[in-house]
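Asks: Join the two chains into one complex using the hints; note that each chain is given alone, in its own frame.
Line by line, the protein sequences give chains A and B.
Start counting the first sequence at 0; every next residue gets the next number (numbering that gives the first Met the number 0).
Start counting the second sequence at 0; every next residue gets the next number (numbering that gives the first Met the number 0).
FYI, nobody ran anything at the bench for these hints, they're computed from the structure.
The C-beta atom is built at its ideal place from N, Cα and C for all residues, glycine as well.
Worth double-checking, as some hints may not be accurate.
Stated by the list, open to error - Listed below are several chain B residues computed to face chain A (Cβ distance under 10 angstroms; list not exhaustive):
#1 Gln-225
#2 Tyr-229
#3 Gln-249
#4 Gln-309
#5 Asp-314
Claimed, not checked - No more than 25 angstroms apart at the CA atoms, straight line, and that leaves these computed lysine to any residue pairs for SDA-like:
#6 A:Lys-60 with B:Gln-225
#7 B:Lys-222 with A:Phe-64
#8 B:Lys-221 with A:Asp-437
#9 A:Lys-440 with B:Gly-363
#10 B:Lys-282 with A:Lys-60
#11 B:Lys-221 with A:Ile-539
#12 B:Lys-224 with A:Ala-72
#13 B:Lys-222 with A:Gln-237
#14 B:Lys-282 with A:Ser-166
#15 A:Lys-440 with B:Ala-555
#16 A:Lys-73 with B:Gly-304
#17 B:Lys-221 with A:Asp-383
#18 A:Lys-440 with B:Trp-281
#19 B:Lys-538 with A:Ser-166
#20 B:Lys-224 with A:Leu-406
#21 A:Lys-268 with A:Gln-237
#22 A:Lys-440 with B:Gly-422
#23 B:Lys-221 with A:Arg-613
#24 B:Lys-222 with A:Val-62
#25 B:Lys-325 with A:Asp-424
#26 A:Lys-73 with B:Gln-225
#27 B:Lys-222 with A:Asp-424
#28 B:Lys-224 with A:Arg-74
#29 B:Lys-224 with A:Asp-383
#30 B:Lys-222 with A:Asp-383
#31 A:Lys-222 with A:Ser-166
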Amino acid sequence: MNRRLAASALLAALLLRPAPARADAPTAGEIAALLRPDRILQVALAPDGHHLAYTVHDEGKTVIFIIDVDDPAKRAVVPLAYDEVMRDSGDHEKTPAHVPFFRWSGSGRLVFSAERPALDVVDVRRKNAPANTTAVYAVDADGKHVLMLADEDTFAVETMRGNDPVSLPREPRVVDLAADDPDSVLVEAVRPALRVPGNPNATVGQLATGLFKVNVHTGKFQKLYERDVNGSVLYDRQGNARILLSAPIDQKVQSFFYLPPPAGQADGKGLGQLLGDDISPENYLGTRTFPVGFDPDPNIVYVASNAGRDTYGLYAVDLRARRRTGFAVEVPGFDVAGFQAPFSDSDLVFDRSRGKLVGVRINGLEASTQWLDPDLAQVQAALDGKLSGRSARIVDWDDARARFLVLTSGGADPGRYYIYQREQDRLVQFIRCAPWIDLDKANPGTSFAFDTPEGVHLTGYLTLPRAPLITPPPLLVYCHAGPWQRDDPGFNRDAQVLAGMGFVVLQVNYRGSAGFGTQFREAIRQDLDRIPLADIRAAISWASAGHKIDRKRVALLGEGFGGYLALRALQLYPDEFRCAVTINAPTDLELWCEKPESKQEQEDDMEASATSMRQMQRYFRSMNSRGGARPPAQPPEMAVAPVNFSSEFRRWYFGGDSARLAALSPARHPELLTKPLLLIQDPEDKYVSAGQASALRTAMARAGATPDYLEITSEFARGLPGARTRVFTAMEDFFNLNLYDFNVKIGETKVQK
Amino acid sequence: MISQPTRRLRQAVALAFVLAGPVLAAADAPAGRVVDLPPLTVSEPLNGPPWRYLEAPGFEVLSRSSDEATQHLVREMHRLNEYLRVMLPDELQARPAVPSIVVIYSEETKPVVSQEVVAELLAGQVGKKRNAEKNVRYRSMPNMQLNDKDAMAFFFILEEKNFTNSRLVLTPDFVRNVIEKRRPSPPPWFIEGILGLYDTADFTQSPVVFTALPWLTPAETKKLKQDADYPRALLSMPELFSAARPPRGQDPEQYRQLRRAQAVLFIRWALDGDRARSEALWKYVVRASAGPAGEEVFQECFGLGYVDVQERLGDYLTLAVDQPMKLTPAAGTPLPPLVPRLATDLEIARIKGDWERLEIGYVGTRYPQLTEKYVEQARRTLRRAYDKGERDPRLLAVLGLCECDAGNDALARPFLEAAVRGGVLRPRADYELARLRYAEAQTAPAAPGGRFSGAQATAVLESLADASRQPPPLLEIYALAGEVWSRSNVALSRLNLSVLEQGIAYFPRNPQLVYQAAWLNARQGFKAEAEALIERGLKAEPDPASQSYFELLRSALNSPEGKPSSLPGGGP
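Okay, chain B solo, but in the shape it has when bound (with noise of 0.2 angstroms):
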């Protein structure tokens, strides 16, 4: 996760995200062709530091990294999240429960990557260029992020002599997970807009300096630049808070940049204006997130209308080519003192075992044949605490997600009723045995017809409830819950259907999540909560084919021999 700073960032190094590859060159790396690995943990060094610990608001860190670099690593990470909330507040940024895991190594301490692996990474990675290309070098990358549903967790190899010295930046990739993870997801002329936003940004310093904005085309940006009466051609707003495709006549490539540009150029205003103004675009985000937002709450929010910004736009625009932005960072919380210890053993498994449990989920997607090895790894970490007698229910979680996560749910299933029994606070824990719980429930459904009894759904839907409870909202949840009434005997109230109303609050533009909410309160007799879902439907569905479920539901539901029966299942 933590790079070489490089002269053309100004010593700044990335806080990287590995799905999206490398991101960071260096500016003075030699001739030739750079291939990055990710840094796959296999084997470490015996010798070396010891692995110290700490604690810091949002973070557990296990380090084999100084003391002073790994103190500077977590400083670094929170003067970066307090630098991101001048664009994207608390309110806007996806927050587990689950604090976020960080493992450090030295450059000096590095994991060893069996020779092995590399050739089978290599093989699978450049496959027969490798042999076709002169001057090619590979590098393991020096940071790295892997998210599972409910935490995030990163890796660093830190090069201690200059890194103490060195600025971290966040990568776009950092950015957009950070936002698209927010529940309920902002709308995606926002997530666009913030990250063509942060292109711009340089988060070295405070205040953070936005350079003048790029428009279009260089060519385009240069006469704006030049002639204040260059014209303009900007969406109307519905247009560029629609989803919708680009009207007939429109080339789709040069639309989707024009709406890009101008999301950018939207949030760019807000922010460059006084705090009402911003504060004003963070409330109608939240309200566009949670469902159609029109006119009338953009006016409610901004007290204007959309022609009044849309002529403001194209008035700021002339600005906006020319001109940094400067935003200044509020004075966040202070971080408390950071004191590292040596980590126990059990610590060490835990964390250092649930990032190699991550690892198996990105190794199987890219190289199968290697995930086998990285199973045995992350168990082997793992249980080097648990045959010690440990049982922390944390521990516990961690195992059990470990074997869901290597496809074995035979094994997982005993470490997740056990976690649960401690008392572990992980929503996706809690509701991998929900998941579990439901497959048992599948193989022998206790009521007449192939369906659930009461104690099977309750079973499932305990833990599903549990896995609610705690952020972040996981749409499996909501999923699973509306499969297991669909399956089960049991009368449904209205209380029970809101849990699917409140899933639909986080997940407001997932059509089959509304299909099933709207089937059913069909089912239980709720004719007017069914209607109004199916009106939701279609009116956030703009896909026909959607549209034509919500439209079937509706007429099997007004029909006069409309039976619960006969009304179409499935959905979008």
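Chain A with its partners taken away, still in its complex shape (with noise of 0.2 angstroms):
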């Protein structure tokens, strides 16, 4: 080649490369570190104030760790678990335990529940075995004495199985510490209930649930419930089983009932709405009320509401006087209590020592707490003082209050633990949830809340790159997988791992979200994609306002429904977008919505007319067998796949229109995908099948183009830090061939002679 063609080839080869990695940019290990969960998985200050317990997660294992407070140096550890690959589940990474449960009693041990998860794509109500292996414990302040209080065993099912007797497990899990008894804790156990022999649907769905009071000091422990049942429990904080949520597996609806109540206690038959309606596919995203937990008063419940309201609110219910009482607490424009899980009391707090509800947790634009005790608000406004610009949550306090354990989040920081002694007025900083993220290299984020020019109220955050390759910087928006899902405040280890890449990244609750009220969520029914894409569009507008951004360097991200929105945007208005990445996303909307939702519907289905066609066989057997000489016996009903209660959902809610379900899809217009596009796909997906993905890719085949495809496996959804580095490395590939493209035209190379 005549040397000087060389040069120019050489040269445009240089031009056309893809923007070279910085320096700064994130390796692989800083990825890495960005995505690895907290260490910290619980943690909870003793009644006297005087040790602190926490779980640390780190190097392959969980441990708890038990300090005195005064002296910091005396510290007990308790191993709790090893890190293992998840049975069954294909996994190349090791999952850590979980502890869902982690509280002081009254009598000072530490009781704690160890999970060793397995895959949740098995309903418990369909195998025979618990899901997950699940133990309870005790332990002193000093580390000793640890006893199991119950595994999978201690609440074994006992049965026969011919002549020999069975004793089948049970899961335990923790419902909370006995309201009566500071020695006792109150464990569940559930599991699929037996079949009746010779009628297998029976009792399909039903759960054999026991309800135990543990001796945290003995592990004795005394039955309090024993039924099977279509659905869950919520029980009283005395032990007493008293609504039942009938969700009976064949059946779209779901009801609330009412158990008798111990002697003495009144009841909730007859007060219909005024403790929970029904719940429909139909009244799900809509106008309903359910009942959240019981007060330590077990005439007291708690409902959430958004009757006559557009957002939920909290009430209680006296059940003697049979009506609402005074309290109330409500936030404009915010739900307060989720609306998806009816007996979820997380977002009550109590106070122990006190036997009374004491505040109310707020998940608004920002986590904060309503203090219903006058003594608890005040010291939050001196803790809010102290940090200001930090979320700074009350966790647990001593009896005496004097010490307080307060989690801080926001800013560029993951998490950390402080006591506040508050005759000192002092903070002291216990315990750091991610230590391996150093501040100065996190990127700074904010909150954010506008009205757009037609006046709807959006709400986001907003993360800034600290080094940007580029300036102005080019923006990521990142869609999250609504509708009836948000993006919540506090640190976003996805936002960060992308900002560390040099994007700004905006992350828009768009109408549909769920946690802004009926009427938000409701709005995007009218117009499924353009109503959240002029959401989306009028926050890029809006960031682009304020802060220095590269309009057309402008990408998308996202995950499900997100991801869906992220490809109509390519398609609506091209213009604006560079290129995007998709994450189970589904591109069909009509097959969507016409196929299984998961694999765990397509083998309900298919064992339905397995069992059909077992039935039919026999049934045909039994004809030939009588040779015709008496009157066929009844052919059996057809057997019927158990209802899933997500699928509905969703049918009803993106409605039967499969022409407009068509014209929305944007695998039936491939032709208008012209921007470069990432799709991500796990085919195992619980709600969007491998078929969409390829649904997409086939058409756009037919259309001549090739979008690139990356398959990954569930370890990504369930945040397994390595799984998820290696997505976003690919994600940053993309970004920089496609959006860091510097555009530079290369003229025809002309061969000189």
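Replies: Right, dumping it as structure tokens:
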């Protein structure tokens, strides 16, 4: 080759290369560090204020530390569990143990449960064995006298298999400390109920549910409740089963039933809508009331309700007086208490020693607590003054209210725990959630709220790159997997990683997101794509007005429905967006609504068909055996697959208008996808099957385009850092190639002789 | 000012500060207690090398040591000043306009202190213990620093044999002096923090190495080193920056100790980052020196809020207690060629006489019975040139100041008047002249009511104006200006009174000055300005007694019958 030609070719090659990696671009190790989950899972302050217990996950194992607050060098260590590869998962990475319960009993024993998780696609109602391996323990403050209070065998269901007694394990779950006994903890045990011989469908979906009061010193237990139920049970804080949420496996509608109360207590029968409505796919996102949990007073039940108002509020119903009390927690613009999970009282804060509700957690634009107790409100005010710019959450306190355990988060900090010593007005930092994250290398983040020109009030989060690759930096719109979800406040690891790659990261709670009232949630149904995209575009304009952003370099990243929105944005506004990455995105809404939602649902369908086949075969065999001598017996009814509430809800939500769904489906208009696209798909995803990605790939191939494609495993969705690092690294490569293209025009190479 | 090199300090010697007493003990000293005596000159040998004179940036050197040793000393002083900038930039150091004087003797020709003086010194210093103790050795301190309000002076006895291979280090008191004399004075937390940090520094080499940070107690430091999760109780940044007393329930000594340790940690954190962070620290300290600087100012300087930095300090502590910090001095101003020459009689009299003058104050506070001998010594030295007809204004100024220090105001005034007429640049000379004129006016006020006439006031204020134009700013200048105005009938303009506000800018934590300015503004009818100054005084002065003065002035100012004469004078 002519030397000059060679030089020109080399120049062209250099210019056409994607932007070279920056010297300070995050390495895979740094990305992995950011994506590594918090090392602290649970923290609890002893009632005497002298001991602090916390779990630490580090170097492949989880341990509990119990330290003397006054002499922190005195520390007891209780080993909990090593990380394990989740069984039946095909994972490559190990998963740490969970610690679902971690509290000090009134008598000063630390009670905790350890769970080695299994794949949660397995619904406990359809399996004979518990999904997880869970055990409940108690230990003294000095780390001695560790006692296992319960495991799967403790509350096993005894039965006979032939002539042999069989013990069927049952997974324990700590419900709460017993309000009426400082030495006891309430443990629920659940497993599929025994099937009745000869009628296999009769008990399908029923759960053998028991509640036990376990002494934390001796492990001795007392059965409080035992019943096969179609759903879940809400107990009062004394351990009495009070309300049943009946969710038969073959019905779409779930209903509340009020169980007979113990003597001297009132029940909820006849209170109907005051306590809770039936839950159906049709009213799931609409107007509803549902019980959240009991007060230490067993005649008071807290309910969440949006009846007569737009957002959910929290209220109390007095079962004796059979009416709501004056108690109400309402936050304009935000739902108090999630609407998804009945019987979830995690937002209610109780003072154990005083036996009363003292606060309600609010998931607003920032996380906060509405204190009902003036004394705690005063402490909160003192902390807010000392920790301005942070969300300071009072997690726990001693009985004397002299010491308070405080979790701070916000800014670029993933979180740290302090003990606030009230008398000295002093905060002592005890533990950091992710000490490996250097605050100086983290990217500043902030929440925002504004009204669009159309008058829509939008909220979200903006993360700015500490070291952008180019100035002004490109913008990445990160769409959450709504509708009926939202972006939450606090340190966001994904946004940090993306900002570390040089992007301004915009997360907006577009209409359809949860937590902002019914009207906001429902607004999207009028126009599934253009309404949320209008909000996203408005947020981009808002962000651009206040921050330096390269409007010519705007990309999208979305998971689930967020991925769908990213695809639609590329199709509808190709001049505004340069490229997109989707993760498990539905691409064909019609197909998505028709087909089973998950592998589980597919299995259920197949099992129902097989059952029907077997029954028909038996019927025909019996016919044949009779030789037609007698009239044929009644043919068996076809077995019905269990109802999948989630699928039913989705079908209702998106509607049955095939033409409309087809028009809204990216895979039906591949010719509109002209911008670079990376499709990331987990073939085993619960909600969006592999068919959705392949539908789009096939359609695009027919149109002469080939999107980039990356197949992942469920390790990504479960937050395992190795899997997430691989995916984010692939994303970085994609963005470097398609977003940091400096658009240098190179003239035709001329050969000079 | 120079000491013999010690093994422990790696051949380092200290640039010491006698006000703090001897600070360096030889590691290889023989057994027994060593009592260091100040190297006070009474007489000197007639034989020996002649006085040599050397001029270097910021210094005038008079030496009876070898040129090599003298040059080495000056180079070392220059190096140390360059190194000091890694932790204390020029803008935060006191830099008087008058060059510092350095007087050097060699060990062989050191001045003789008369036996009578030694005896009296020892009697005063060790008293009866002297006879009780055995193995007590007495020696002259090898180096010493004495300060005037507007100048610094150093005295060295060099052991030339070892000295030219040795390296100097600065004593903490020297560093303290350099910071504290800066105007406006940096906030106390910064001074404490810099001194604490300096305690960990090794200035003998580049980069300057700061050892791992000791935290509160050795046990606490060890625990922090061993366990990254070991709890840390840091003060909030407002607590760190506040001069307020410890909150109720806190042990005052522990609180003070924590505040000092955290100040060191904060400064170290700022220096251990990139250049922008240390620049942010300097910017913030300059702002905080000028007056209260809240979180807004902090954010403006660091780009971080109080809590952001508190979190970072908590995280950095783990590193700081475990790892040394290294700071490389920037390439500074090269030292011009150092060319010693024979000193003139005038230079010998002026520089040596100035040093001896400074000894008067030192001796006067410790050994008053010896004061007169030192006054005579200084006079003798200074007069030697004067009597030969030398009328250099700088010499005249020192002669005047010498008489002031000796308490002979009447003798001082002619020298000072002549020095000022000659155009001497030395704020203390102008101030002392103003003081003498003020004293004279006090004896015969020319205006009714015992007040000063315009001419009397102007005579004093002219000198004060000259003084105020030269660094370093002296509090006395502004206090006297306020006093003169308060005793004169002259109508004052805002321009006049803005001089006091200039003084407040230099001395923002001085409640008397703020009160005086508020009072004068109020008396002259500048109500808004008076209000603003009262507000400033109330905000800056946590002392309840001082606050009550400001409150009283405010109520008088706002009362319907409030007349200038009814305004409460005096002040906190």
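Asks: Need the status of pair Lys-222 (chain B), Asp-383 (chain A): alpha-carbon distance at most 25 angstroms?
Replies: violated (30 angstroms)
Asks: Is Lys-440 (chain A) close enough to Ala-555 (chain B), meaning Cα to Cα at most 25 angstroms?
Replies: violated (56 angstroms)
Asks: Take the shortest C-beta to C-beta distance between Gln-225 (chain B) and chain A; is it under 10 angstroms?
Replies: Holds, about 9 angstroms.
Asks: When you check the alpha-carbon spacing of Lys-73 (chain A) and Gln-225 (chain B), does it fall within 25 angstroms?
Replies: holds (13 angstroms)
Asks: Under the criterion that the straight-line Cα-Cα distance not exceed 25 angstroms, is the pair Lys-538 (chain B), Ser-166 (chain A) satisfied?
Replies: violated (76 angstroms)
Asks: Please verify whether Lys-221 (chain B) and Asp-383 (chain A) have alpha carbons no more than 25 angstroms apart.
Replies: Judged against 25 angstroms, a Cα distance of about 32 angstroms means the pair is violated.
Asks: Between Lys-440 (chain A) and Gly-363 (chain B), does the CA-CA distance stay at or below 25 angstroms?
Replies: Roughly 58 angstroms separates the two Cα atoms, so the pair is violated.
Asks: Can the restraint linking Lys-224 (chain B) and Leu-406 (chain A) be considered satisfied, given a maximum Cα separation of 25 angstroms?
Replies: Roughly 24 angstroms between the alpha carbons, so the hint for Lys-224 (chain B) and Leu-406 (chain A) holds.
Asks: Given the hinted pair Lys-221 (chain B) and Arg-613 (chain A), is their alpha-carbon gap at most 25 angstroms?
Replies: Roughly 73 angstroms separates the two Cα atoms, so the pair is violated.
Asks: Given the proposed pairing of Lys-224 (chain B) with Asp-383 (chain A), does the C-alpha separation stay at or below 25 angstroms?
Replies: violated (31 angstroms)
Asks: Tell me if Tyr-229 (chain B) is really an interface residue toward chain A, meaning its C-beta lies closer than 10 angstroms to one of theirs.
Replies: holds (6 angstroms)
Asks: Holds or violated: Lys-224 (chain B) and Ala-72 (chain A), Cα atoms, limit 25 angstroms.
Replies: holds (12 angstroms)
The earlier numbered hints that this structure contradicts are 9, 10, 11, 13, 14, 15, 16, 17, 19, 22, 23, 25, 29, 30.
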